[in-house]
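Visitor: Heads up, the numbering used here is the position in the sequence shown plus 94, with the first residue counted as 1.
If you're looking for bench data, these hints aren't it; they were derived computationally from the structure.
A portion of the hints provided could be inaccurate.
Using 27 Å as the maximum straight-line C-alpha spacing, the simulated DSS-like pairs for lysine-lysine come out as follows [stated by the list, open to error]:
(1) K377 / K328
(2) K223 / K251
(3) K251 / K288
(4) K401 / K373
(5) K288 / K254
(6) K292 / K223
(7) K223 / K254
(8) K254 / K271
(9) K292 / K254
(10) K328 / K254
(11) K292 / K271
(12) K374 / K396
(13) K381 / K350
(14) K396 / K421
(15) K398 / K328
(16) K223 / K328
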Amino acid sequence: MKKLLRINLWIIFLLTPLLASNSDAATQARLRVGYPSPSASFFPLFATKEAGLLEKYGFDAEMIYVQGVQLVHVHVAGQLDFASISSVVYLQASVEGADLIQVASSIDNQLMKIMAHSSISRPEDLRGKTIAVTRFGSLTDLLVRPALRNWGLEPLKDVKLLQIGRMPDIATAIAQKQVDAGVISFPTSVQAEKMGLKTLLDFADSGFDIPATTVVVSRRYGRANRDVVLRFLKAYIEGTRRLFTDRELGIRALRKYGGISDREMLATTYDLFTSRYIKKIPKVNTKGVENSLNLIAEGNPKAKGRKAEEFMDTSFMDELEATGFIKSVWP
95 MKKLLRINLW
105 IIFLLTPLLA
115 SNSDAATQAR
125 LRVGYPSPSA
135 SFFPLFATKE
145 AGLLEKYGFD
155 AEMIYVQGVQ
165 LVHVHVAGQL
175 DFASISSVVY
185 LQASVEGADL
195 IQVASSIDNQ
205 LMKIMAHSSI
215 SRPEDLRGKT
225 IAVTRFGSLT
235 DLLVRPALRN
245 WGLEPLKDVK
255 LLQIGRMPDI
265 ATAIAQKQVD
275 AGVISFPTSV
285 QAEKMGLKTL
295 LDFADSGFDI
305 PATTVVVSRR
315 YGRANRDVVL
325 RFLKAYIEGT
335 RRLFTDRELG
345 IRALRKYGGI
355 SDREMLATTY
365 DLFTSRYIKK
375 IPKVNTKGVE
385 NSLNLIAEGN
395 PKAKGRKAEE
405 FMDTSFMDEL
415 EATGFIKSVW
425 P
């Protein structure tokens with residue numbers, strides 16, 4: 095009997111850590127986090143996940159890749175809890191009635207360039223020429239039109255716009271002089287430079303903020319799950335800190351989620367994004383939301399006269415600042 099008791103006690107001793115581990119997993123809240131492309135624009139989210147910080151704050155988080163604007167449809171359908179996405183993309187849906195608001199912003203400008211064939215030496219040379227965009231109504235199209243007007247060129251009148259589709263195809267078309275210029279994003283822009291294309295405008299240097307990387311939730315979800323949003327943002331802020339301070343973690347995260355395998359390109363991307371594009375503290379950029387709405391309003395009257403405050407909620411980041419959390423991460 096005593097021998098049996100000793101055996102049972104030994105089994106309990108061996109199983110205790112496993113039972114505790116299963117208990118911890120069971121108490122973690124399931125979280126579905128979406129992103130629209132395997133791009134370095136979503137570096138902070140990738141690093142947060144790779145560093146295990148979502149788990150640290152009590153989440154069993156699933157990363158869900160849903161291409162492009164389809165991410166918004168999936169989110170609105172209730173299949174996502176959080177999404178990291180460009181401001182223009184979620185706002186296009188929100189002005190149509192989608193219940194989406196921005197709670198954080200990591201990159202406040204667009205990582206796109208207007209690039210041209212080497213025969214084009216200045217913007218004025220584009221008169222009577224053809225510029226490629228991915229699709230009409232896309233961000234490439236929305237960005238190039240006001241840029242042309244700033245150069246004194248009227249889109250479709252002074253300059254022809256042509257839909258080509260994929261960024262690499264735009265770069266190739268310019269290099270082969272099938273078109274004269276186009277809107278190209280990173281990392282295709284790096285390859286385009288190697289092909290001899292020149293930059294006429296870098297939107298990241300334009301001073302015209304249009305956030306490329308935001309964190310979005312539904313208004314209803316934010317109200318019903320305020321603590322969840324706060325904990326997610328705590329993880330996200332800590333993840334951003336880890337991204338800046340742990341280069342190998344950043345490179346590992348980008349290799350896993352960002353679609354880049356070449357070590358040199360991984361290192362170049364990490365250095366560029368952490369030194370130039372990503373903010374240390376992902377506060378909402380009100381002016382960036384306003385600019386995005388104005389851009390959308392050029393093609394959609396429903397965006398005209400709308401206020402940025404309708405589509406954002408700064409109270410979450412404000413609370414994390416007021417309670418001293420942000421300062422504890424970034425002293």
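Visitor: Each hint: holds or not?
Guide: Comparing the hints with the structure gives:
no. : hint        : result
1   : K377 / K328 : holds, 12 Å
2   : K223 / K251 : holds, 10 Å
3   : K251 / K288 : violated, 31 Å
4   : K401 / K373 : holds, 24 Å
5   : K288 / K254 : holds, 26 Å
6   : K292 / K223 : holds, 16 Å
7   : K223 / K254 : holds, 6 Å
8   : K254 / K271 : holds, 14 Å
9   : K292 / K254 : holds, 19 Å
10  : K328 / K254 : violated, 47 Å
11  : K292 / K271 : holds, 13 Å
12  : K374 / K396 : violated, 34 Å
13  : K381 / K350 : violated, 33 Å
14  : K396 / K421 : violated, 39 Å
15  : K398 / K328 : violated, 34 Å
16  : K223 / K328 : violated, 49 Å
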